[in-house]
Amino acid sequence: MQFKSPLRRGRRSLAVAAAAVLVTGAGIGVARASDHQDNPLVELNPAMDMTDVYAFPGSSPDRIALVLNSWAFITPAQAATTSFDPNLLYQFKIDNTGDAKEDRVIQVSFSGTGANQTVSVRGPVVPPVVGAMNNQVASADPVVTGKINQTLGTAGGIQVFAGVREDPFFIDLEQFFRIVPDRKPSTGALSALPDVASASSFRTTSTAVDFVKGFNVLSIVVEMPASQLTAGGTAKLGVWGTISR
Amino acid sequence: MLINRSYTRGRRLLAVAVSAGALALTAACGSDNNGATAPIQTTRTYNQVQRLGNPLVSEVFLAKKDHPFHGSIGPADDAASFTASVKGFAAAFRPQATTLQTTLAAVLLPDMLIVQTDKAATSAGWLSWALANGYGGRKLTDDVVDTGLSAIFSDLLDPTQSVCKPGALPLCTDNVASHSTFTSTFPYLAPPK
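Top to bottom, those sequences are chains W and U. Residues in the first sequence are numbered consecutively from 1, following the numbering used here. Residues in the second sequence are numbered consecutively from 1001, following the numbering used here.
Take the hints with a grain of salt, since some may be wrong.
Listed below are the simulated BS3-like cross-link pairs for lysine-lysine, each with C-alpha atoms no more than 30 Å apart in a straight line [stated by the list, open to error]:
| no. | chain 1 | residue 1 | chain 2 | residue 2 |
| --- | --- | --- | --- | --- |
| 1 | W | Lys101 | W | Lys236 |
| 2 | U | Lys1193 | W | Lys213 |
| 3 | U | Lys1065 | W | Lys101 |
| 4 | U | Lys1139 | W | Lys236 |
| 5 | W | Lys213 | U | Lys1064 |
| 6 | U | Lys1064 | U | Lys1139 |
| 7 | U | Lys1064 | W | Lys101 |
| 8 | W | Lys213 | U | Lys1139 |
| 9 | W | Lys213 | W | Lys147 |
| 10 | W | Lys101 | U | Lys1139 |
| 11 | U | Lys1193 | W | Lys147 |
| 12 | U | Lys1139 | U | Lys1087 |
| 13 | U | Lys1139 | U | Lys1193 |
| 14 | W | Lys147 | U | Lys1139 |
| 15 | U | Lys1065 | W | Lys213 |
Residues of chain W clear of chain U, computed beta-carbon distances all greater than 12 Å [stated by the list, open to error]:
| no. | residue |
| --- | --- |
| 16 | Gln117 |
| 17 | Lys147 |
| 18 | Ala192 |
| 19 | Ser198 |
| 20 | Ala226 |
Quick list of simulated restraints, FRET-style, between CB atoms [to be verified]:
| no. | chain 1 | residue 1 | chain 2 | residue 2 | range |
| --- | --- | --- | --- | --- | --- |
| 21 | U | Ala1084 | W | Ser139 | 39 to 47 Å |
| 22 | U | Thr1185 | W | Ala192 | 23 to 31 Å |
| 23 | U | Asn1133 | W | Asp99 | 14 to 22 Å |
| 24 | W | Ala140 | U | Phe1093 | 41 to 49 Å |
| 25 | W | Leu41 | U | Ala1120 | 37 to 45 Å |
| 26 | U | Ser1178 | W | Ser198 | 23 to 31 Å |
I should point out that these hints are in silico values taken from the structure, not numbers from a laboratory. Even glycine gets a Cβ: it sits at the ideal position worked out from N, Cα and C.
In isolation and in its complexed conformation, chain U is listed as follows (with noise of 0.2 Å):
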């Protein structure tokens, strides 16, 4: 305890100076907020440990190595980092497929849920915006596992060369479904366990 005590009061001390440059910068450079920032409560300062937009990316895609530097970096760099490595892993099961391999890349990175909010909400679920031009984000109840799969190993995105149908045996479902009864209001998430 000592010792956390300890790192805490150093991590203080360094936080302080690292936000009064932090200040200086964001006075120079502006940001991407309509020319606007919001006052800031206190010195201290975080720095970003774990991201997630879309399930999968990150477990699937990206090798081991890779984890800990997407969990450091924010989307606007993911293209450019990780664009290779979802191709690559589609191209180690399907090489012939190219277009798959691009328009995954395509949807996954920047690694965001795309929500669009003008569209109908029963059109609502994961990779829906891509796929329907629907509503998009991720529902509770999507079977995020099935869509992924599907989109690498069947029709979902390159109608040829599919190797399997949506939901189908061998690859293209893991047969497993939701475990939870969500409810229909507020939280929606099922009581624990």
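If we strip away everything but chain W, and leave its shape as in the complex, we get (with noise of 0.2 Å):
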């Protein structure tokens, strides 16, 4: 899977870097942010590359919103066509005894495809099984399912929304990789950076780059009275997300 440039007009030395591979018709990929594009089996497989993950106060103090964003770097053109992968779980997971396992899951699901695609959302629900690996999904009947890209659920109990949103990331990411090369990505315009340090300072105001501007993802936010992921535990959480196919 190739990626459209995730150039934009000014970024000079980036798109010169990126004329380079597409001279040698190698197309163009893009580089990981803060989780964007984490490894090689995401590189290749979008549906499965979680680039962010958050946890804040929702509407009112005693309601947090969770967020779980996947697919890097959707441009504008393909962000009404692009939807969740039926064949995935993504998971929020969430320990409240400090232990860092998982107490509480809520399990997100898709059918079909496209415009049309449907999620369904379990939980929170003590996990069917712990751990990484050997997941299933709860026989609990779905607490909310509806179409993509609206809001559904109750303001006062769980409200879900699974859709495309712009990706609040922000990063100047090339630079990153002058300072620190040895994580620049083996593909894509960024690989092309040089293999040593070739800066040891951000740069200013007026000539830095966000680098995630002007892209997509594929967002899951979820929002519900936080007793229903302390129930059983303290009201001190750890929250991580998972896919899993």
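The task is to assemble the complex, starting from two chains supplied on their own in separate frames and drawing on the hints.
Next comes the structure, spelled out in structure tokens:
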């Protein structure tokens, strides 16, 4: 899977590197950011590529919103047609006992593809299987089901949105890899940056480039009373997102 | 497509066998759920390919060869697996700052977003649980790159030997700010471009 060029006008040095890649016929990939295109498997399977996870207070202090973003660098032209992979299980996992093992999970799955795709959300529920492998979908009926790209559920209970949103992440990734070149990707435009450090500081505000600006991601947003996550444990949570196949 | 279908079929067969084993294990060993597990809907099983808690942990602190491994395990195994990597990355830039190296590893591993739901919502923000006993979590507006850079290069976590002040050149900010216009109501993220 190749992405269209992530480059925008004015990103001159990056454009030069990208042009070199284009001339060779290799096409252009794009590099990882927060966790964008984290490893070769997800570079080849963008639906599996989780980019960022967020957790913050919701519409009132006793509610919590969780966000799981995936599918890095969706262009505006691709935004209307990109949907979640119905063969994958997306989960928020919550530890509320301090042992870094999930005590509650929110399981998100999809049916169909394209604009008519539907999302089903189960939980928060005690996980049928704890750990990274052999996870299963709980038998409980979904608490929310409906089409993607619209707000589902109730404002006082659980609210769900699954669909295309602007990628909120921001970073001058090119300069980061100039400073720390051994973290640069092995494919794509940024792989053409020097192998040895070619900068020792970040660029100024007027010359820094936000590499993620202009791209979209597939967002899963779930908001609920925090008490649904602290149940059976303490007020201190450990939250992480997973994508499984 | 034919290849994919046959692969899927094979995987399903395997899944049935694996799930039977998993059920037996669950019954025999119990789990970390206050003694309870939810009923299972189907025999289809899913194996983790991606995991994300804190931003930048895998990307910045772990060598690229370790990324698939990080994606295949849970946070309970993080401290044993990655403490040396996190300390080592910080040590490469600040070899004398041993307190900083230890603190970084303790704050970022296990790799989960820590949320203190009983703290003031106004104190929410990445690592605020560690820096100010706040709500923690991660807001859409958080400049996690600058926070991460400041954690490594400034006195954010270690008052000694800081090489820059938070938010200052050369290494405590990438000078890029959020480009999104977030909404104050659900679902908060900006519409697509």
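Here is what the structure says about each hint:
Distance check on the hinted pair: Lys101/W and Lys236/W sit about 13 Å apart at the alpha-carbon level, within 30 Å; holds. With a CA separation close to 9 Å, the supplied pair Lys1193/U and Lys213/W stays within the 30 Å bound. Proposed proximity of Lys1065/U and Lys101/W is supported: the alpha carbons are some 25 Å apart, at most 30 Å. For the suggested pair Lys1139/U and Lys236/W, the alpha carbons sit about 17 Å apart, so the restraint of at most 30 Å is met.
The suggested pairing of Lys213/W with Lys1064/U holds, with an alpha-carbon distance near 24 Å, which does not exceed 30 Å. With a CA separation close to 27 Å, the supplied pair Lys1064/U and Lys1139/U stays within the 30 Å bound. Taking the CA atoms of Lys1064/U and Lys101/W, the gap is near 25 Å; set against the 30 Å cutoff, the hint holds. The hinted pair formed by Lys213/W and Lys1139/U meets the criterion: a straight-line CA distance of about 18 Å does not exceed 30 Å.
A hinted pair counts as satisfied when its Cα atoms are at most 30 Å apart, and Lys213/W with Lys147/W qualifies at roughly 27 Å. At roughly 23 Å between alpha-carbon atoms, Lys101/W and Lys1139/U fall within 30 Å of each other, so this suggested pair holds. Our distance criterion of 30 Å between C-alpha atoms is met by Lys1193/U and Lys147/W, whose separation comes to about 20 Å. Taken as a hint, the Lys1139/U and Lys1087/U pair is honoured in the structure, with Cα atoms around 26 Å apart against an allowance of 30 Å.
Note on Lys1139/U and Lys1193/U: the hinted pairing holds, with a Cα-Cα distance of about 21 Å set against a maximum of 30 Å. Simply put, Lys147/W and Lys1139/U have alpha-carbon atoms about 26 Å apart, close enough for the 30 Å limit, and the pair holds. Note on Lys1065/U and Lys213/W: the hinted pairing holds, with a Cα-Cα distance of about 28 Å set against a maximum of 30 Å. Distance check for Gln117/W against chain U: the nearest CB is about 15 Å away, which clears 12 Å, and the non-interface claim stands.
With a least beta-carbon separation of about 14 Å from chain U, Lys147/W lies farther than 12 Å from that chain, consistent with its non-interface assignment. No beta-carbon of chain U is positioned within 12 Å of the beta-carbon of Ala192/W; the least distance is around 17 Å. Taking the minimum C-beta to C-beta distance to chain U, about 14 Å, the non-interface status of Ser198/W holds against the 12 Å cut. With a minimum CB-CB distance of about 4 Å to chain U, Ala226/W fails to clear the 12 Å threshold, and the non-interface call is violated.
A C-beta distance of roughly 41 Å is found between Ala1084/U and Ser139/W, which places it inside the suggested range of 39 to 47 Å. In this structure the supplied range 23 to 31 Å is violated for Thr1185/U paired with Ala192/W, their Cβ-Cβ distance being about 43 Å. Take Asn1133/U and Asp99/W: their Cβ atoms lie about 21 Å apart, and the range 14 to 22 Å holds. One distance hint, 41 to 49 Å for the beta-carbon pair Ala140/W and Phe1093/U, holds here, with the actual separation near 48 Å.
Checking the proposed 37 to 45 Å range against Leu41/W and Ala1120/U shows it holds: the Cβ atoms sit about 40 Å from each other. Distance hint for Ser1178/U and Ser198/W: a CB-CB separation of about 27 Å, consistent with the stated range 23 to 31 Å.
When held up to the earlier numbered hints, the structure conflicts with 20, 22 and fits the remainder.
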